[in-house]
Amino acid sequence: MFVMSDVVGSTALWEAHGDGMRAALEVHDGLVHGAVESTGGRVFKHTGDGMIAVFDDVDDAATGALAAVEALAGAQCGHLPVGRTVGYDA
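When you line the sequence shown up against the working numbering, it's residues 1 to 90, in that order.
Among the hints, a few may not be true.
[Said to hold, decoys possible] Once the Cα atoms are required to be at most 20 Å apart in a straight line, the calculated DMTMM-like pairs of lysine to aspartate or glutamate come out as:
1) K45 x D6
2) K45 x D56
3) K45 x D57
4) K45 x D89
5) K45 x D60
6) K45 x D29
7) K45 x E26
Keep in mind that the hints were calculated from the coordinates and are not lab data.
Throw the hints in and build the complete structure from the sequences for me.
This is the structure:
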């Protein structure tokens, strides 16, 4: 089972906010890593503006996706939003 995160509109954010976007992605990655690892998953790929994690159990994947959404909800780095989209595929 897979959980994916993605910062929607990241290309425009990179163009407009370069260094700020780099810092925002570090915050995003830390929050998603924490959510994934605390629910039994493992991040195995970074996609530049997101990541993909794998879980052995469908319930853990759903819990991990929800934990990532909750961690990213309202998260900001300066004035930039940190998280936008999280999905999972069982």
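Status of each hint after checking the structure:
Between K45 and D6, the direct Cα distance comes to roughly 12 Å. Compliance with the 20 Å bound is thereby established for this hinted pair. Under the criterion of a C-alpha separation no larger than 20 Å, the hint pairing K45 with D56 is consistent with the structure, at around 16 Å. The hinted pair formed by K45 and D57 meets the criterion: a straight-line CA distance of about 19 Å does not exceed 20 Å. As the CA atoms of K45 and D89 are separated by approximately 15 Å, the hinted pair is consistent with the 20 Å bound.
Between K45 and D60 the alpha-carbon distance is near 18 Å, which keeps this suggested pair within the 20 Å criterion. A hinted pair counts as satisfied when its Cα atoms are at most 20 Å apart, and K45 with D29 qualifies at roughly 11 Å. Restraint check for K45 and E26: satisfied, since their Cα atoms lie roughly 15 Å apart, inside the 20 Å limit.
Going down the numbered hints, you'll see the structure goes against none, and every one checks out.
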